[in-house]
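Asks: For the numbering used here, count along the sequence shown from 1 and bump the result up by 5.
What the hints contain is simulated information worked out from the structure, not anything from laboratory work. Worth double-checking, as some hints may not be accurate.
Unchecked claim - Beta-carbon label-pair distances, calculated as ranges:
(1) Ser-310 <-> Gln-176: 52 to 58 Å
(2) Leu-502 <-> Glu-349: 53 to 59 Å
(3) Ile-135 <-> Asp-45: 26 to 32 Å
(4) Gly-22 <-> Lys-352: 58 to 64 Å
(5) Gly-51 <-> Asp-248: 29 to 35 Å
(6) Asp-250 <-> Gln-432: 22 to 28 Å
(7) Lys-501 <-> Ile-135: 43 to 49 Å
(8) Glu-360 <-> Asp-250: 35 to 41 Å
(9) Gly-51 <-> Glu-193: 50 to 56 Å
(10) Ile-135 <-> Gln-432: 54 to 60 Å
Computed from a predicted model, the values in this text were never measured in an experiment. Even glycine gets a Cβ: it sits at the ideal position worked out from N, Cα and C.
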Amino acid sequence: MSKNVSEQLLDILVSVGVEKVYGVTGDALNFFVKAIEESDGVDWIGMKHEGNASFAAFGHSQTTESLAVCAGTVGPGALHLINGLYNAKKERTPVIAITGQINQKQQGTSFFQEVDLKKVFDDVCDYQAIIETPEQAPMVIQRAIKIAMANNAVCRIELPANVAEMKADNQQFVHPIKKYVSRLVPEESVVMEAAQLLNGAKTVGILAGDGCRESRAAVIELSKKLNAPITHSLRASDIFDHDTDNVVGLTGLIGNPSGYNAVMKCDLLLMLGTDFPYIDFLPHETKTIQVDIRQENIGNRTSVSLGVWSDISSFLEILNPKIEQKEDTSFVDKLRKSFEDWRENMKEQASPTRENEPLHPQIFADLVNEHAANDAIFTVETGTSAIWAAHHISFHSQRRLIGSFNHGSMAVGLPSAIGAQMANPKQEIWCLSGDGAFNMAMQDFITAVKYELPIKVLIFNNSELSFVKLEMEQVGLAASLDALHETNVNFAEYAKLCGGDGVRVEHAKDIDAAILQAKNSKKPFIIDAVVSSGALSLPPHIGIKEAIGFGTSKLKEVGQVISGDKKQWGNLKKELQSYFD
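Build the full structure now, drawing on both the sequences and the hints.
Replies: So, in structure tokens, the structure goes:
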């Protein structure tokens, strides 16, 4: 029996290892979904919202380094995919989006649900395979897959409703698709120049990003030769964990003093595989060497003395033998001591003996760190949950950390945890989420129940958009408490209503048992952690601008209290109580 275009598309996807398609079906996708139903090689994962489907595909791909697929039908169904696909693009994760399109006869007539998807997806996709005929289909489908795999990019395949059921053609063009591996090796003279600069510098700081994922040992070797502290990006937290030699933590808005000072107070900064975006946390008069596989990143955030276009492994393989052992360890020793002192302070902040209620969110993160498996995968939301994760969880051993670190989207945590668990059924998956972010995606907790995924979701329930509050105060605004307020359900009861399990925690003595209960649960599990919205986390360095901003904000809030604003008085009391407890 001859195949239709939808069946041919599925065969090509299966041939490159695709086993799951995340999406919401409808009209133009119906023949494709039927092909999946009749296939033994791939499963349709029916989500409640297409936006969650694209985030799930991201989580699947990010934790397996393989191509993942999401799907949405014509018009609105396709548009819902956009946000998760932008996240995949910014995290350089290979994802194919399959979208339906209205019948070709109706295109251009402002037909029901007609959208010019080519224009809409133009910025997010490296390539769009618009299938116009069965003869063309196998060629453009394979091109989209090859570009997504080669560039770690997002590509889209558009399947018009009438073409989806047409008889497939040009099967002779279908061929095996492989991901070819190559190296970008720098010129010897450029590496020699880098070695001379590094050997001649009194103190060197290393700022390492996700581009060092395949080069961890070589980066550490270099740091020991140079006695250079390693500051890392948030994405690289699972490469250079808290216990790694010479690691001094993060810089940036959620960083720590030792990470900040290692970057800002060295004589020479070596940036390896990072396009660190926060220019206020980079030195602009310090000699800087930047090494990156993407040439456009070099000098993108700060001026560089030497740019090296190379993958990190190739660069360090040539560089490290040319580096002379430095004897003076005072710079790295001082910063490492500062980092250990900071970690001890974080441990004190996370002590279960701090029984003030609502509870301190740090206690939950610290105990998750204690009990989570050594190969656990953590999906972390954008906002204060990322702060508690970065400060209190060491992503050691084979632990992984994923999130929306470049796109900065809310609602990434739960759906990416679903994708991660689907792709890694034997591993422990923890989602750390704020209440605001969970409210955006909570409908797909039902999906986790449907597919019996034992994800563990820790919700920091403070009934507030806390990170937005921090942003408002940083620029000198009094917190807009009504706009920031979150009206929440009992999330533990919601979990049970969906068919999962959960527990609401309001007392410090119950935290440890709740985390162990979640860890051992065979069902999707929610810890509804009722925490204080007054917990403060300030940047590692407060400049004049930030000091004026926070000071102005607090003066305005005090003024509102004096004028009789009871909500603002409650806000200030929570902050003071959290700080002094």
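Asks: Work down the list of hints and note, for each, if the structure agrees.
Replies: Here is how each hint holds up against the structure:
| no. | hint | result |
| --- | --- | --- |
| 1 | Ser-310 <-> Gln-176: 52 to 58 Å | holds, 55 Å |
| 2 | Leu-502 <-> Glu-349: 53 to 59 Å | violated, 42 Å |
| 3 | Ile-135 <-> Asp-45: 26 to 32 Å | holds, 30 Å |
| 4 | Gly-22 <-> Lys-352: 58 to 64 Å | violated, 43 Å |
| 5 | Gly-51 <-> Asp-248: 29 to 35 Å | violated, 41 Å |
| 6 | Asp-250 <-> Gln-432: 22 to 28 Å | holds, 27 Å |
| 7 | Lys-501 <-> Ile-135: 43 to 49 Å | holds, 46 Å |
| 8 | Glu-360 <-> Asp-250: 35 to 41 Å | holds, 36 Å |
| 9 | Gly-51 <-> Glu-193: 50 to 56 Å | holds, 55 Å |
| 10 | Ile-135 <-> Gln-432: 54 to 60 Å | violated, 38 Å |
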